[in-house]
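Enquirer: As a plain string of letters, each chain reads:
There are 2 protein chains.
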Amino acid sequence: MDITTAPTAFSALSQPTRLNVFRLLVKAGNIGMLSGELGQALGIRQNTMSANLAILLQSGLIRNARNGRTIRYFADFNGIHGLLAFLMEDCCGGNPALCEPLITQLTCNPNTHKEDNDACYSS
Amino acid sequence: MDITTAPTAFSALSQPTRLNVFRLLVKAGNIGMLSGELGQALGIRQNTMSANLAILLQSGLIRNARNGRTIRYFADFNGIHGLLAFLMEDCCGGNPALCEPLITQLTCNPNTHKEDNDACYSS
DNA sequence: TAAATATATCAATAATTCATGATATATGGA
DNA sequence: TCCATATATCATGAATTATTGATATATTTA
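These protein sequence lines are chains D and E, in that order.
Residue numbering for the first sequence follows this note's numbering, beginning at 1 and increasing consecutively.
Residue numbering for the second sequence follows this note's numbering, beginning at 124 and increasing consecutively.
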């Protein structure tokens, strides 16, 4: 993530439908949601949803996987982590070593093995 | 922060100059930077910088304070925290109580009293 | 009060983005 | 092979956004 790619990612989140989609996918975690489910949940027409999902995909904040006729979308926690780390770089008075693990915890990643990310799942 | 205000904040970060400004202010912490310093640091004309600062101000991600002829700008860590908390709401499999303190730590707030926010400053 | 400095506002044009209707592609089932 | 389902792509017009030159406002100093 750098100054050329980060604005694209923030732009992807700057539109209400796309932000709603993203938040639904964050909540859905590694279960994800189908394109049609997202459209139905948010009351968005098919082609509009498709176009907005394409913009989110290109931003690196979500990913997808086809399964038969359906395509399932997921939040991409690696991409989210990269974006937030870039945004908050050198926060806390220029001590990135301090903030980095906090960002990692914030964006706890259901795509990784559970044992790599216990903070996300332990009580 | 809600679905009507968050897109405005992400839109504010979706433009390279404004994202550079924001990151400089995050690094500057409670020292902040003058409008003119920001323009000089980034090579941006005066009125363009003023317009972009106004957009960031309206987003709630930065704040300012006039001091004589100059106006000093600061990252608004309360606003940042609100935005990221909204973005990542119910992350980690729907356990907001788990993620909330992580977001709080991520956006450690130099505006608050040090003793309220030790994680940001202790080694 | 007049000049200088720092920043904001205005008006206009150029560029970008958005939702939509129509259509195309991909897959599965009869 | 034909049809139905799920999703993507295309072209277009409307709306929004960005930058710029010019000018205005606020503050300090002479």
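In case anyone wonders, no lab produced these hints; they're calculated from the structure.
A few of these clues could be false.
[Said to hold, decoys possible] Beta-carbon label-pair distances, calculated as ranges:
#: 1; chain 1: D; residue 1: 58; chain 2: E; residue 2: 127; range: 21 to 27 Å
#: 2; chain 1: D; residue 1: 5; chain 2: E; residue 2: 190; range: 46 to 52 Å
#: 3; chain 1: E; residue 1: 166; chain 2: D; residue 2: 43; range: 40 to 46 Å
#: 4; chain 1: D; residue 1: 48; chain 2: E; residue 2: 164; range: 48 to 54 Å
None of these values were measured; they are calculated from a predicted model.
Cβ coordinates follow ideal geometry from the N, Cα and C atoms, glycine included.
Enquirer: Now, for every hint given, state plainly whether the structure supports it.
Expert: These are the hints, each one checked on the structure:
Taking 21 to 27 Å as the suggested C-beta distance range, the pair residue 58(D) and residue 127(E) conforms, at roughly 25 Å. Between residue 5(D) and residue 190(E) the beta carbons are some 36 Å apart, a value that contradicts the proposed interval 46 to 52 Å. Between residue 166(E) and residue 43(D) the beta carbon distance is about 44 Å. The supplied range of 40 to 46 Å therefore holds. In this structure the supplied range 48 to 54 Å is violated for residue 48(D) paired with residue 164(E), their Cβ-Cβ distance being about 40 Å.
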